[in-house]
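Each chain sits in its own coordinate frame; assemble them with the hints.
Residue numbers (the working numbering), protein chains in the order written: chain A, 1 to 573; chain B, 1001 to 1434.
Errors might be hidden in some of the hints.
[Claimed, not checked] Restricting the straight-line Cα-Cα distance to at most 27 angstroms, the calculated cross-link-like pairs of lysine-lysine (DSS-like) are:
no., chain 1, residue 1, chain 2, residue 2
1, A, Lys292, B, Lys1116
2, B, Lys1357, A, Lys534
3, B, Lys1019, A, Lys109
4, A, Lys7, B, Lys1003
5, A, Lys534, B, Lys1359
6, A, Lys40, B, Lys1116
7, A, Lys539, B, Lys1376
8, A, Lys115, B, Lys1116
9, B, Lys1019, B, Lys1007
10, A, Lys534, B, Lys1231
11, A, Lys567, B, Lys1423
12, A, Lys534, B, Lys1377
13, B, Lys1423, A, Lys562
14, A, Lys534, B, Lys1364
15, B, Lys1377, A, Lys539
16, A, Lys109, B, Lys1231
17, A, Lys539, B, Lys1423
18, A, Lys7, B, Lys1019
19, B, Lys1364, A, Lys539
Note that these hints are calculated values from the structure, not bench results. Computed from a predicted model, the values in this text were never measured in an experiment.
Listed below are the residues making up each chain.
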Amino acid sequence: MSEISGKIVAIYGNMVTAEVDSKVKQNAVAYCCKGRDGIKLKAEIIRLRGNEADMQVFESTRGLMVGDTVEITDDLVSVEVGPGTLSQIYDGLQNPLPQLAEECGFFLKSGVYAKPLSETNKWHFTPLAKQGDKVQGAWYLGWVPEGIFQHKILVPPYLAGEWRIKEIAKEGDYTIREKMATLVNDKGEEKDITMSFKWPVKIPMKGYAQRLLPSEPLVTQQRVMDTMFPICKGGTYCIPGPFGAGKTVLQQITSRYAEIDIVVVAACGERAGEVVETLREFPHLQDPKTGKPLMERTIIICNTSSMPVAAREASVYTAITIAEYYRLMGLHVLLLADSTSRWAQALREMSGRLEEIPGEEAFPAYLESVIANFYERAALVTLYNGQTASVTIGGTVSPAGGNFEEPVTQATLKVVGAFHGLSRARADARRFPSIDPLDSWSKYTGAVLPEKVPVARQILVRGNEVAQMMTVVGEEGTSIQDFVLYLKGEFFDRVYLQQNAYNDVDQACSLERQEYTFSVLLQILQKEFSFESKDQARKFFFQLQSLMLNWNEAVWQSDSFKEIEGKIKELVK
Amino acid sequence: MRKVYNKIDQITGNVVSLKARDVAYEDLAVIEGERGVSLAQVIRINRDQVYLQVFAGTKGISNRDQVRFLGHSMEVSFSENLMGRIFNGSGVPRDDRSALSENMIEIGSPSVNPVKRIMPSRMIRTGIPMIDIFNSLVESQKLPIFSIPGEPYNPLLARIALQAEADIIVFGGMGLKYDDYLFFRNTFEKGGVMHRSIMFVHTAADPVVECLLVPDMVLAVAENFAVNHNKRVLVLLTDMTAFSDALKEISIIMEQIPSNRGYPGDLYSQLAKRYEKAVDFEGRGSVTTLAVTTMPGDDVTHPVPDNTGYITEGQFYLRRGWIEPFGSLSRLKQLVNGKTRDDHRSIMTACIQLYAKCKEAREKQAMGFVMSSWDKKLLGYGKRFEQEMMDLKVNISLEKALDRCWQIMADFFDPQEVGITEKLLNQYWPKKNV
Ligand SMILES: Nc1ncnc2c1ncn2[C@@H]1O[C@H](COP(=O)(O)OP(=O)(O)O)[C@@H](O)[C@H]1O
Ligand SMILES: [Mg+2]
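Extracted from the complex, chain B is given alone in its bound form (with noise of 0.2 angstroms):
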């Protein structure tokens, strides 16, 4: 039987302190009072004293309460009873059926090792032209959803996770909105995808720390289908800077120094640790990440967003409702689409030059220079790319959609002007007068 501590030297925002013996780094206790039962966690120890982050926040928690340690850190059960569940941020159930203890294991596992990774080479359809043609989703690839607030970013997630070609979905919710979160329950249900899904929900109403272990019960979950399962797992996670702010609250509260507008300074290492968990596993599965960073203020250099982007392979700009070409990026992109149709490339890049160059058009006009034919032209084009390309509804294949950007093209330029080789143009410039 492990010993019971009933005396708590110290409460401090969402830490507590005790004298406690024969306990290990990491590992997990329980206090138990008035409150009820709630999961805590070593994160420092010096000498006798352990000091715990509690996941529901030390909100009623006395310092009489009883505190047992568990042994062991972090775990989850990990089996194909999974699917279809719901689960909250400590890994108990959300959806009223039972609670799962069969094979536990541990989260937060080591990184791959570099030399067993390999190049990824499958592209994933999503049938949004933005993403398909301009900045191709790739398999194993890592890519987070830059967005201001208001923008449509969960609708977009819940309908790349509908369309994405993926075995299994793994969702992460933190600091979800309950309407948000019963959106994407929702959505799982109606989209026929719910009995390959897994949940671990977080919700804005929950104790903020809580929602740090959703991540990582997320990617040992998909960690372990992919492996030992040979499963291609879509892991899908919302709101990442609600997660850094966690992380900034438990660090403030340890009296670390702040690096960067209050975060500590190793955000970074801890949202890397997380992201490169995205790999190709050679003749395994794969996981592959996609996840929601708001930016406060629209701001791409706030510690969040900034750090996220240096660990990414590119990022998906969402603004004004539609994903921004210029901002956004697939480092990945080049690894896939030459090897889709012959014309991809040549598209991708030629379409935005043109796009590019209207926006320049548009600010002379707005200076109140005169427009020339030329600027008329790429005027023209760009409200249609913008309404038939960019906007996030139109949903259609990727052939379609090359289809749709020659037919763009040819109704207002001539086939000279828009930058592409001649064998193309032969090929693909649609017969005008038809």
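Next comes chain A alone, as it looks inside the complex (with noise of 0.2 angstroms):
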């Protein structure tokens, strides 16, 4: 294919500006060509006016000049999906951050692309269809084994209409590259379809016959989620907070122990560090359902705060895209992204770089629905096969000063089903995970008790309304019965809603096990007891947080998990 080429007029941080004189798309990616050093910076069209093509430069645009050539491409910024996508690690724009390191050291280079799936390996191929079959876009050609799971070979979903097989490889060993099927229409037009294919990443990969209403709890494993405020498959949620709040952590965790197929990390603009604890800890960690290292049911997409910040941009749209692909084989997919807000500020400065008229805190105005079609994504879905299958989206939100008022934690709460809020104040008193109980919500129904959760929480709301009122007339001046509610409360808070991430057992709490320990509970929230003092009371239920506690730590069903059981009932008989 011809490259259309054009010459650079202005540069302004990480943006560029050049002068064309032939069709070009939007988001089409572009190279600019250094003629300092000849040095290829990546960048996508993202503004088209009269002959001048504005875009954003995925590399720093240090020794760039004005009249320095671009070569514009046909393609929009796309990923490649296919067979060794799983367990991947990728910067935003889908290059192997291993693959770099080989080339590059320490350092990242600009300039410097690798190719996002292995063009050698060989996939052992079983083919699902034979010659003759009709086949429409997203069905299943074969399969080859990836990991832990059969990954489909699919039609490209963007074929549209009905194609019939031509041709289709035997059972054998093929790369990527080889291929696999040719494929006809009624017009005569032939298609060869290799094990992988290119996908734009703004633009939703449907291929599903239906959407439907997410019914099905995903189980995270954190009581205060499953328990309190469900998430459900193919839905959405939020954990706006502060900094030090603990989104990070909650996410991790998820990432670890959530019941689901295949977990997307999207670290978004913030400490690379944290991505480390993932990669290094991921090869080593079992999955409890699988026995397999955590990392064969991973991908992370990394575009950390000090990597360039348009591919910051593009690194959540390259998740979800990844997400979407695997939803097709139906898998079920968490997509955690860490945070948004990142990748909402880096809309914003290129927003102020192509002037536009700036909304409130100066994001640009279409940020409510730049939110919204990204978290629309989300969904739970029937494919053409009958098979459910479906995406998730738990996403970060890090806002300024820890104010939700502000414009992207708003925004996103219009699209959620589920907002979990981290509170400062929480945190600070290490009650963790600090989402706070009063304030967060769910619109999904959990698997944990669904219809005995207001109980709980009623007793949460009068316990909070009596702590109130204790810091104005003291504890001499509140009643037995509120003080013993205030306690209920806390109690309630201390051993079931705070789950401690850096205990072995406590970390992850099966559904088994929430509902158990949740039953066993309410019946010591719904007793009556009657205590001659407030001393009585307190000590009572200190010795009882304290069995609490130290039974969240037993193994499940272990001798000492009975044992403290047991002393419990002992104790609220």
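Here it is, written out as structure tokens:
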């Protein structure tokens, strides 16, 4: 394909303007060629006016000159999907970071890109269709084993209409560059199919029969999430919170323990050090479901804070596109993005350079619709073969000053199905996870005794009211009934809502165990106690709390679990 | 010979613009006129119109001054000869010694590849118990010191420089009061660390924009010592709020729409680019960064501390003369404090919980509620803890500090009241009546 070329006429930060005089597509990939050293910098066309094309450059523009050449391709910014995507660590533009490290050492080097998938790896292909079969986009032609999954080889979802298989490869070992099938349609057009294809990241990859209402809970093994503020497969949720409130720890623990097929981690514009923990630990941690290393169900898109800002904007789209691809194989995928605010800031930087009319806090006016469109890509669907599959999105939000009134939090709250708001006060008091039990909400129905959850919530609310009152009238001025209510609220918070991410047992609580513990707690919360004094009441709940904390840290159904349970029952008798 | 231009079209704030060709983005230029020679950098090119940010400010620059482009971006000389030297924000010597021009390296280099990072694992001891026990500093960590203007943040920084285990200290001063500059210089000299220190100092008397270069100069030098000479480098920056204010000034001149209280929308990315230079290079050296961030009006939600907190791995919160136990955090402490002494983690938690309870008791006392005997114990404990642990004058080893914590607890509480396991109590609880 012939490339169009243009000449740079303006440079401002990572925005470059070029003059072109032929057909150019919005969102097409371009390369700015530095006349000085010949290095080519990847860029994306983001605005076309007259014969001027504005581009965001995915690298530092240092050293570019007016008059330097721009090569404009016909491709939109895309990812290549196919076998070998699992377990990868990509940057925001799908360059495999380990490969870049091999090539360039400690530092990223501008203008160095690498192929996202191995072109030499052989995959063992088993056909699922035969010559003469009628197929459509997103139908299966065959499969290859990829780790623990049957990686389906798809008819690329961009192929419209009905096609007939003219030829298909026999069972055997092939690379992603080999032809696996030839399809032909009514008009006699022929298409050669390989095991991989490219997809433009900003266009949702559909290819399913229909969307369904999310209804099956996605178990994270975090009690406060599963019981109080559940999420569903195919749903969306957000975690806003000030710095240090525990957003990243919560995402990390979810990426480990969520009961889901595949986790895509999008480390978007935050600390590189935090990704390293995942990188170094996941290959050695076991997936409790399969016994295989967690890395085998994980894909990491890593565009941390000091990496180029424009690529940060692309990174969340790269992540969601890969998630959508695995959904087409009948899998349930969870996308965890930390943090969506950094993505929004990248939009803001570009919008400023384009001199667009700003909205609140200088964010572009279209911020809301961009955020809404992103979360809309999560869905529970039925595929053409009748299977259900899903993409769930959980995004953290890092509001300026920890104030939830700011534009990104507000725009996100409008579109998500659950809100896990982290509070500074709870984090300071080391009440982790610091999800505020009074402010947070979920529109989904959970799996842990959902009909009983309001009972627990009521006690939290009433207990909090008493606590507020006590700061004014003191303990002396509070009735013993109210005081017990307060103690119950605190007790439930401490032993159930809080969960220690650093304790080997407590960090994950299975659904079965949550149901069990929650029922025991409900009995305690609903029981009428009669205490002689507040001190006696306090002592009782302290004792109970200490037992319950030990219980939480005892292995499910172990001897010590049963022993402590006995003591608890004895105490509340 | 490079072309010389002698017509400047526009001078606004610290930015000048002129018509020029064959100029690359971020290239340096030299402006010569009556005022002498000033350094400038290309910050925008629009066709043949080139915008330059003048580091020394534009005061006295005329529209007929000569502008010469150097054909490269900012560089700094890198060699062992840097040791013991003091420079200004543009790398010009401040110490009456000769300028260095050997082995020039580019500043503001690309990011480290995240997959080349390793898990930090070595604690840096400082002799300050509030750091060593409660918020351990870890090699390759990036930590700010959040402080209101009147606090002794510079003395604290200087003390850490003298006492921390590091091979090389690279110091960056931004908007530094001249007296503070002399204080650092004298302290480094008296403390015997000057021969392994390098200082880049921009003072409050210097043109504001010149401080923009300081962090990149410092970090380029630090990074090269770490990667190429396997050195453990400690980077000290003060004050990053002055740096951020200089960014704000330029962005306003360039008519960028501010995002929050006048600061540009890319403040987060600008700060992150610098802080993320703190890295432990596998098999080589490391860069650890401590940076003062003064908080106007003691407001953590001010854009500079707020954005910083989202970037750094915790913060030391300096208030009322000591490192506040509650606002302060070392996110990396878990990686090292399990390998020091077996009572370290338990002491860390127990002492802070008791101190938190003491604060509650003080509040109750202030409201006029009755003090129980338990409250009184807490009050006594809190006072001793502040005097003997939190006070910044305290200068003892981690082990001595742990012993002292046990002693303070034992002077007020019974062993079962402090929330520490039986095993540790048996081992460490001080025997009475000795
Ligand atoms: N679930 C948890 N259990 C225990 N400690 C936690 C938990 N969540 C957070 N923390 C503590 O809070 C610190 C900050 O958490 P982090 O997730 O990095 O915050 P954020 O991403 O919101 O800035 C952690 O280093 C850890 O010490
Ligand atoms: Mg975080």
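### Task
May I ask which of the numbered hints given earlier this structure violates, with the numbers listed in increasing order?
Violated hints: 3 and 10; rest satisfied.
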